[in-house]
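Participant: Given next are the chains, with one letter for each unit.
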Amino acid sequence: MTRLNYTIFLISVLARCLFSSNDTLLAQSIEVQLDEVQIMGSRKSSYTTDLHTVKIDTILKTKYFGSDLSQILKNETNLNITQYGGQGSLASIRLRGSAPSQTQINWNGIPVNSPTTGSIDLSLLSGGMADAIEIAYGACGSLFGNGTFGGSINLFNNPDWENRISVNLAGEAGSWNHYKSGISLRTGNNSWQYHLTGLYQTSPNTYRFHNTFKEGNPIEYRMNDSMNLLTFQQHIFLRLPHNWFFQYGAWYHNRDKQLPASMSSTPVFTAFQRDQSIRQFVRATKWYRRSSVEMVAAYFTDSLLYAEKISKTDSIVKLSGIRSSDSYLSIYHRWFISNNLTLENGADFEYQTAKVEAYNGLADESRGAFFSLLKFMIKQFSANLSYRQVFYSMTGPKPLFSAAFQYHLPVNGFSFKGQISNKFRFPTLNDRFWQPGGNPGLLPETGIGYDLGFVWDAASHTKSSIKLSSLLFIQQINNWIQWVPTSTYWSPQNIRQVKCQGLELNITGRWKIGTVGLDAKTMYAYTESFDMSLPAAEKRYHRQLAYVPFHLLKIQTGINFHGFEATMSYKFTGRRFTSDDHDPWLDLNPYHLADFSIGYTFLTKKDKIILKGNISNLFDTSYQLIRAYPAPGRSFYLSINYLFNQKISKDDEK
Amino acid sequence: MMRSKLTVCLVFGALFLASCGKENPAGDSDAGFLHGAYITNEGAFGNSNGSVSYFDTDSAYMINHVFESVNGRPLGDVVQSVSIAGDKAFIVVNNSQKVEVVDLKTFESIGVIDGLEYPRSFLAINDQKGYLTDGNFNGRVYVIDLESLKITDTIPCGSGPEKMIPYEQTVLVANSGGWGNDSTLTVIDTGTDKVSDTWVVGMNPADLVLDKDNQLWILCVGKVVWNPDWTIGEETSSSLVVLDPVSGKLKQTVNIGSVGDFYWPLRIGINKNKDRIYYLEAGGIYSISSSGSSSGSQPVISKNLYGFGIDPETDLIYALYAPSFTTSGWMFRYKPDGLRLDSLEVGIGPSQIVFN
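So the sequence lines, in the order shown, correspond to chains A and B.
The opening residue of the first sequence carries number 1 in my numbering; numbering runs sequentially from there.
The opening residue of the second sequence carries number 1001 in my numbering; numbering runs sequentially from there.
Quick caveat, the hints were computed from the structure, so don't treat them as lab data.
Certain hints may be false.
Unchecked claim - With a straight-line cut-off of 20 angstroms between C-alpha atoms, the simulated SDA-like cross-links for lysine to any residue are: (1) B:1194 <-> B:1143; (2) B:1274 <-> B:1258; (3) A:309 <-> B:1138; (4) A:214 <-> B:1289; (5) A:318 <-> B:1266; (6) A:606 <-> A:166; (7) B:1150 <-> A:215; (8) A:214 <-> B:1224; (9) A:318 <-> B:1224; (10) B:1088 <-> B:1045; (11) B:1105 <-> B:1153; (12) B:1150 <-> A:266; (13) B:1105 <-> B:1138; (14) A:612 <-> A:601; (15) A:214 <-> B:1108; (16) B:1150 <-> B:1126; (17) A:214 <-> B:1111; (18) A:608 <-> A:160; (19) A:571 <-> A:601; (20) A:318 <-> B:1045; (21) A:309 <-> B:1045; (22) B:1088 <-> A:215; (23) A:214 <-> B:1068; (24) B:1303 <-> A:608; (25) A:214 <-> A:585; (26) A:214 <-> B:1355; (27) B:1223 <-> A:436; (28) A:214 <-> B:1109; (29) A:214 <-> B:1115; (30) A:214 <-> B:1254.
As the list claims (entries may be wrong) - Partial list, derived from the structure: chain B residues whose beta carbon lies under 10 angstroms from chain A: (31) 1050; (32) 1073; (33) 1077; (34) 1097; (35) 1112; (36) 1115; (37) 1127; (38) 1128; (39) 1153; (40) 1324.
All C-beta atoms in this analysis are idealised placements derived from N, C-alpha and C, irrespective of residue type, glycine included.
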């Protein structure tokens, strides 16, 4: 156990001893009116209130228990997720036309993006273990920090102080010998809460697909794509005397994955990958009469073992590995100057290390920042101004600013919102230290983004509600880092200038007709992401970036009554280019997908049993998210959730 | 089959209209794709976007993605080489572990050689059989029956067998070392399909040509030993080795490039008169007289290139340029003195070119 691990462990034990002697209800002692999430959530959760956000929360415990983040985002949003095949395959997000490394992924406010690549495989993140997922489109660099050109995706674990004990036992079986089982235990009282979640999954991914690389497009079955996953998370939440709040989180994740060949190759076993990570953090918040101080410390370690049988006949196996760590410290002070004015000041520090064979030893990097945020609100108008100064061992970005506003019209439910913000992204350790080719002189990517939109939230009541939001965005990304061939090897360079712009439209509605509940959701995004780097770009100029479709549409409808529920969803993804110069022979065709699920909830006095059946890719559409890697065809899943000692709502009883 | 023929007609028709009066020999003669240059565009590893471009050397007309156009499906991952045998082309697709065989009159696929591991290049020996190099560490040459397209025999050779060249009743195989090191040529008797000799030439021979005096010029990559941390532990210079193809006796060695330049040359070519040898090194295409003992310090063509070829009819130099592996490459044509004539777009990662 490292010293930091030991310190975090000691703090958690000490805090647990302290809580038992006092039942002070911290939140109730605060004079300033804040909602529960703001008090208990991370600093970043409060920032998102001024941004265009999509939240996924109430369905996570049951519908997506243990599912990885890529599955949840693919099913619940219209975001552009690319994936190399079945469950557990490498999955990335290209939010608002950006690159995967340009979207920041946070676990309880702490970035989990890899120090080596800058991005993270979404299939390695158990989104279903979170209590809420929040997508903040175009998050500001001055508030969120590094790598937010696309935005920020935030996973939160929150306490339910009214909970005493509840257990969720979940199991799922599906096509192609897919099995998943997990347990979630939550216990505590008004002063402490403890969450433990564990999951085991095995997915051979032997799904059926049409091989479009072979004469006649024969039907084949995927081989060497299996995945085994074991993961645990625990969280301790404490309310302590003298208005202290503590949260401790730990996450162990181990996934073994075969890496299949592309459709054009002979499907022999070639490669295997093991990803392991241990993530721990502790958050301490002290509340004063008109202010608060929050401190966060985190230590994440990741390892990747790659094995490739490079010769079928010679039985020679090539092994390589990557180990990386990320230490994170943050402190910030929030001062409620008046009921209308809040000032926040803070600093964060990050130290990253990685040991990669190609680095010729251990590489490390440290970076820090000071930031300030001023929020004010006058009747229907609210705004914030923020500033960040970054400190970086290499040439860092200039000071970053952002300004955002929201104005609620006197007309019922209408509001306008807008934002202007600087963004940046540091070069990754691979960009700087990879040998040969690493470029220590790289500049950070920088840019500026503009958002303008409106929200119409029709007065909701018990019978129905409807919400419409629309937003236009424009974003410039300068010094985009790309690996290009030089005379003798590949090297990253700040060569691209990219302009992203588009429209996001969301409509959600809920209706209650007697005992029948209906809900509908439509999400549409039009995204242009053009390479504007002349003259080096040659034929790339003003062309849409690879794997960014112009059109993305998702429509989802649901009905529930007397414990029954059914959901139908439809998704359209437009044509995607796979080469920078749009070679039409290499394009990926548009596709339409439909999913259907049906379920029934059995209620007892305190328990719930939820049975659910799901058909994924209902019409057996043949499509690819990454060229030459087939996505699964029609698949069937059956799941059961036994929720012991759950709160039964009136809606449940109906 | 009917659909393929229809596709061929449509493709030719579209090309005819597109050329707008410009003669398109591929579309209106029985020759089809029999005469011209064939560019192998590797594509990006793992992306299955390799292709073959056909260039009509008479009309200067380029057709990209010719296999996909005719056969209605992608070619595969890492298109390694093309070899011509009569009216057939053998397209070696390395990371798809196959060889696509096409009829050059139409470019229609007429079969696939599969069951391979790491195929590199093909050489037709006669109308009945051909040789195919395969393997990384313990290499082999497969004997292929050209009628059935099946492997009929396996001839063991050195590590990483790469290019082959016929000489009288033998075939000389350059054992490039694969992911390790080797320094030999394997001599195969084409009558018996057996190894008749093994000659030590230079570290990691990759490509070879015969000059007008029947001297064998071998491009040797040089030895590279990687440390576990992927730093270079040991490296020797790249070289051109001149050999007597009858006795295997070494005549001379010319060092090229420099140690530590992170460049390991793979391509060699020869002009029409077979008295000037060209090779690709760091900085461009260099040349050396077949009677010379040292190469020029300045490249004939100064550009960072990925491959090249010499037209055996015109002596024009066809240089292949890959700006990145996410966008199309280019073919530049030069006169022998290095004067650039024109440029044409090809597929992703153009690496080799053969003429027929």
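Participant: Next, verify each hint and record whether it holds.
Facilitator: Here is how each hint holds up against the structure:
1. B:1194 <-> B:1143: Measuring from Cα to Cα gives roughly 11 angstroms; hence the hint holds.
2. B:1274 <-> B:1258: 26 angstroms, violated
3. A:309 <-> B:1138: Holds, at about 14 angstroms.
4. A:214 <-> B:1289: Since the Cα atoms of residue 214 (chain A) and residue 1289 (chain B) sit roughly 46 angstroms apart, the hinted pair is violated (cutoff 20 angstroms).
5. A:318 <-> B:1266: 24 angstroms, violated
6. A:606 <-> A:166: 10 angstroms, holds
7. B:1150 <-> A:215: Status holds; Cα separation ~18 angstroms.
8. A:214 <-> B:1224: 38 angstroms, violated
9. A:318 <-> B:1224: At roughly 17 angstroms apart (the allowed maximum being 20 angstroms), residue 1224 (chain B) and residue 318 (chain A) satisfy the hint.
10. B:1088 <-> B:1045: 26 angstroms, violated
11. B:1105 <-> B:1153: With a Cα-Cα distance of about 29 angstroms, the restraint between residue 1105 (chain B) and residue 1153 (chain B) is violated, given a limit of 20 angstroms.
12. B:1150 <-> A:266: Given pair residue 1150 (chain B), residue 266 (chain A) holds - Cα atoms ~17 angstroms apart, limit 20 angstroms.
13. B:1105 <-> B:1138: 37 angstroms, violated
14. A:612 <-> A:601: 9 angstroms, holds
15. A:214 <-> B:1108: 14 angstroms, holds
16. B:1150 <-> B:1126: 15 angstroms, holds
17. A:214 <-> B:1111: 12 angstroms, holds
18. A:608 <-> A:160: 18 angstroms, holds
19. A:571 <-> A:601: 27 angstroms, violated
20. A:318 <-> B:1045: Distance of about 18 angstroms is within 20 angstroms: holds.
21. A:309 <-> B:1045: 17 angstroms, holds
22. B:1088 <-> A:215: Satisfied, since the Cα-Cα distance of roughly 19 angstroms is no more than 20 angstroms.
23. A:214 <-> B:1068: The hint holds at about 11 angstroms.
24. B:1303 <-> A:608: Not OK: residue 1303 (chain B) and residue 608 (chain A) at ~71 angstroms, beyond 20 angstroms, violated.
25. A:214 <-> A:585: OK: residue 214 (chain A) and residue 585 (chain A) at ~15 angstroms, within 20 angstroms.
26. A:214 <-> B:1355: 28 angstroms, violated
27. B:1223 <-> A:436: Roughly 18 angstroms between the alpha carbons, so the hint for residue 1223 (chain B) and residue 436 (chain A) holds.
28. A:214 <-> B:1109: Between residue 214 (chain A) and residue 1109 (chain B) the Cα gap is close to 11 angstroms, so the pair holds against 20 angstroms.
29. A:214 <-> B:1115: 15 angstroms, holds
30. A:214 <-> B:1254: 46 angstroms, violated
31. 1050: 8 angstroms, holds
32. 1073: OK, holds: residue 1073 (chain B) within 10 angstroms of chain A, min 6 angstroms.
33. 1077: Since chain A brings a Cβ to about 5 angstroms from residue 1077 (chain B), closer than 10 angstroms, the hint holds.
34. 1097: 4 angstroms, holds
35. 1112: 8 angstroms, holds
36. 1115: 8 angstroms, holds
37. 1127: Since chain A brings no Cβ nearer than about 25 angstroms to residue 1127 (chain B), farther than 10 angstroms, the hint is violated.
38. 1128: The hint is violated - residue 1128 (chain B) has no Cβ within 10 angstroms of chain A, the shortest such distance being about 25 angstroms.
39. 1153: 16 angstroms, violated
40. 1324: 5 angstroms, holds
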